[in-house]
Amino acid sequence: MTSAQELVEQMTSEIAGANIFLETTVSSLNRLSNGYSVVLSNGIAIACRAILIATGFHLFSAEKKEEYGYGVYNQVITNRDLEHWFNNGNDARIDGREMRKIGFVHCVGSRDLKAGNSQCSKVCCVTAIKQAIEMKEKFPDAEIYCFYMDLRLFGKKYEDFYINAQKDFGIHFIRGRVSEVGETIDGSLQVKAEDTLSGKPLKVTLDLLVLMAGMVCNPRTKEIAGMIHADIDTDGFLRSRNNIYNIMESDRPGIFLAGTCTGTKTVPETVAEARAAVLSIHNYLKK
Amino acid sequence: MRPDFHPFVIPFCAGMFFVLGYCFFGIFNIIFHLPRRDRRRFLVSLINPVTAWKNIRDIFLNCLIHVKLWKRNPLLGYMHSSIAFGWFMLIVLGHLEVFLYAPGHLSKFYYPIFFNFFVAKSEETIGGAVLFFLMDFFLLVVLSGITLAIIKRVRSLWFGMRRTTRPSVLDMVGMYSLWAIFPLRLLAEGFTAHISGGSFLIIPLNWMVRGFLGNEINMVPTWWAYSIALSVFMFVLPFTRYMHIPAEMLLIPLRNAGLCIRHPRKGFAKIQVLSCPGCGVCIDACPMSAKKANIKDTTVYLNRQIRRRNEKRIEEISDKCLMCGKCTAVCQVGVDGPVIRQAQRSLRKYALGKDYSAAVSPTPVGKAAVAYFAGCMTQLTPGISKAVESLLKKAGVDYTFIDREGGLCCGRPLMMAGRIKEARELMEKTREIILASECRTLLLSCPICYRIFKEEYDLEKEGIEVIHHSVYLYNLVQGGRLKPSRSDIHFVYHDPCELGRGSGIYEEPRKLLRTSAYLVEAAKNREESVCCSGSLGSLTLGFADRKELTEAALRNLTSDIPDAIATACPLCRSTFRRYSDIPVSDIAEVIDSRT
Ligand SMILES: Cc1cc2nc3c(=O)[nH]c(=O)nc-3n(C[C@H](O)[C@H](O)[C@H](O)COP(=O)(O)OP(=O)(O)OC[C@H]3O[C@@H](n4cnc5c(N)ncnc54)[C@H](O)[C@@H]3O)c2cc1C
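Protein chains in written order, with the working numbering: chain A, 1 to 287; chain B, 1 to 595.
Mixed in with the good hints, there may be bad ones.
No more than 27 angstroms apart at the CA atoms, straight line, and that leaves these computed lysine-lysine pairs for BS3-like [stated by the list, open to error]:
id: 1; chain 1: A; residue 1: K114; chain 2: B; residue 2: K291
id: 2; chain 1: A; residue 1: K200; chain 2: B; residue 2: K354
id: 3; chain 1: B; residue 1: K524; chain 2: B; residue 2: K320
id: 4; chain 1: B; residue 1: K292; chain 2: A; residue 2: K114
Since the hints were derived computationally from the structure, they do not count as laboratory data.
Given the sequences, and given the hints that come with them, work out the whole structure.
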């Protein structure tokens, strides 16, 4: 597996010479006759002809799916929390506790009208598999369950990953949405779901439940869009000029888009789009 | 003395016979279609002096004086009572005149209506003067009402109504003829004022418009016009909204007899539909009206479509409703829109029937005097059940959380969907869980469960008290077993439909909240609280359709700029949380955080 850290380092080294402002936000954006003026939170103002918006996504707040118990029960965490734990190695909800049974819930706040998001977040299926394998490696005696509606493993080698998870790691995949999460009298976590393949309701007691929270548009993206009157699409993300062949361009002159600000994407898609956007900007500036 | 018959009375008589015949047949039809048990109950209630007196009182207060309208808007109240009561008095006084001055003609029922044409009597006796004065007075009252009615067509906001219904063509015919009757009567009586007598209204009129009224040639045509206006009104009445006038007089005794709706088109439901005056108060009240496209799905339009037998629209309207009951709360005649819809839904045949008779009731977790049943909705909002449990522990209550490991549905959603048989089967199973817990008190944190346990489970008979947590917790505070401290937060309390309008609980949740926070009120609250629109009642509204409605409900709630919202229903809480900018909590969570 490629580490994100390495990837970022490699990419920043490729653009050495560009001005990068870290820990800086955009305070205002104004249209000029031939471009835009950008005022940054560090006080610097920049006049430019084109802008590439790559403000990304926001993780769905898992508290909103209260029935899954995030914020209510201590043994419920999100994909982000788990990723943090993998990297930092400390989380009171995991450390020092016995892990006999671990559950993963797919599609938390994705493909869920009730939560206000109908889109698929694309990466959660494969992330769940990845995280499940990692957990199995850390807790070899634990039983691991993934509760899913569908598995959407479209990416290169994703399906192989899924087969390995079952064959080599013995991870259980249960087709059925979790209906609710509760606590038993002795304080352990109980998950109620339906196994739609066997057609039977199911109850399992778990030591840890990981919610695969999906992607929603970053609220700060909407602020930026407001400054330049760019449109928001019906799915809540930024609207591209055309969703099929012009996804990197907005309707505003000189405003380009890349990555998850226009919809849910994986890293390879994001990177490809970023490169395409840069090329479009190059052509735009030459005009 | 003039002849005692003139052909101009014929249109009036024809109209009168028609409308009386129609109503007589209608009464027969409705009573005939009542289930036998209900019919007996109704007939017995008619001879019971208590209900008989109540019937008379209610008919007088509602049909003639329109007290409920006065409470809603005095101008609207005056408009209706001036026309109804004024007209009624004109008829009564007309008969009195005939009785006093032409007793031989009492059998000619057109006599009191056209009295001034047939009988010349002077106002010289004291009695005559008083009578004439009263006749003119009530005619003036009716005319003032008609004037207001005309104004209302253009300025309905003055009468407290933002939106009203669009009248049908026949409604218009009825309306114009009604408006015409009284000015024509005034004119017609003006002709004979100098011979037949009159009082402060028609005598000066006679003097003032001598040019027209002094000419006898104009007289008979005017009396004809008066009679024709009456006739047109009576002929169209059964097919217009004015049918509510006779219908309500039957609705009141049927309701006082304690009947309920069993079929959406027959018997009690039919008389409710006919009693709808089409005023449209329910349009402004309906939470769905926040979206213009839904206006035609309000109860007034359901009634109209039922009268037109437009099956497709009846089904659509019946399925869409949130069943919040607000239209019933504001309805002047008490049409129970949600119950008619529920009855309509129950007629549907489903290809796939559900059978719960074989379902197995889960065993309750433990036995104790107090059984807490969270129900499906609180299972989905564990923050609430946690708070309830925490408070029960703090108060030292001996309780058991009987559906902690899983329970069954209370049956109310199926009931609202009109699937009565399935609901009953499920309720039987859920009842077993409750009884097996051997509790004395059944504690509920969901008003949907609370209402059906209270209304349909007959648990009181088993010696089990059914109580909602807002009341139970308030009692614990009152008894000194919970001591919440007060915070500076200003909460607005949202009345859940099933708890407020459905079960009449408005006070305890407010008093409970005041023990730990400041309370502000929503623009519309209590009986007129606006449904959160997450209701399980609607069978067809999707999430996207409900968003705008929830946002409108939130605007109503936050009109006084509270810091946070408190409610006492898990479904309201989840629904509001989806779109609210300020925190939304259940009342138990509020109290738990301060105890
Ligand atoms: C738990 C998890 C696991 C995942 N695993 C995988 C995986 O295994 N494989 C895979 O391919 N993808 C994975 N993804 C998806 C991947 O994270 C995204 O595809 C990728 O991060 C999208 O990149 P982006 O540049 O569009 O947005 P982001 O990564 O969100 O970056 C946006 C950046 O913009 C900045 N920003 C936002 N607003 C402003 C502003 N107003 N001013 C200045 N800066 C601003 C933000 O601070 C942020 O640095 C995963 C996602 C999650 C949540």
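Structure-inconsistent hints, enumerated in ascending order
none
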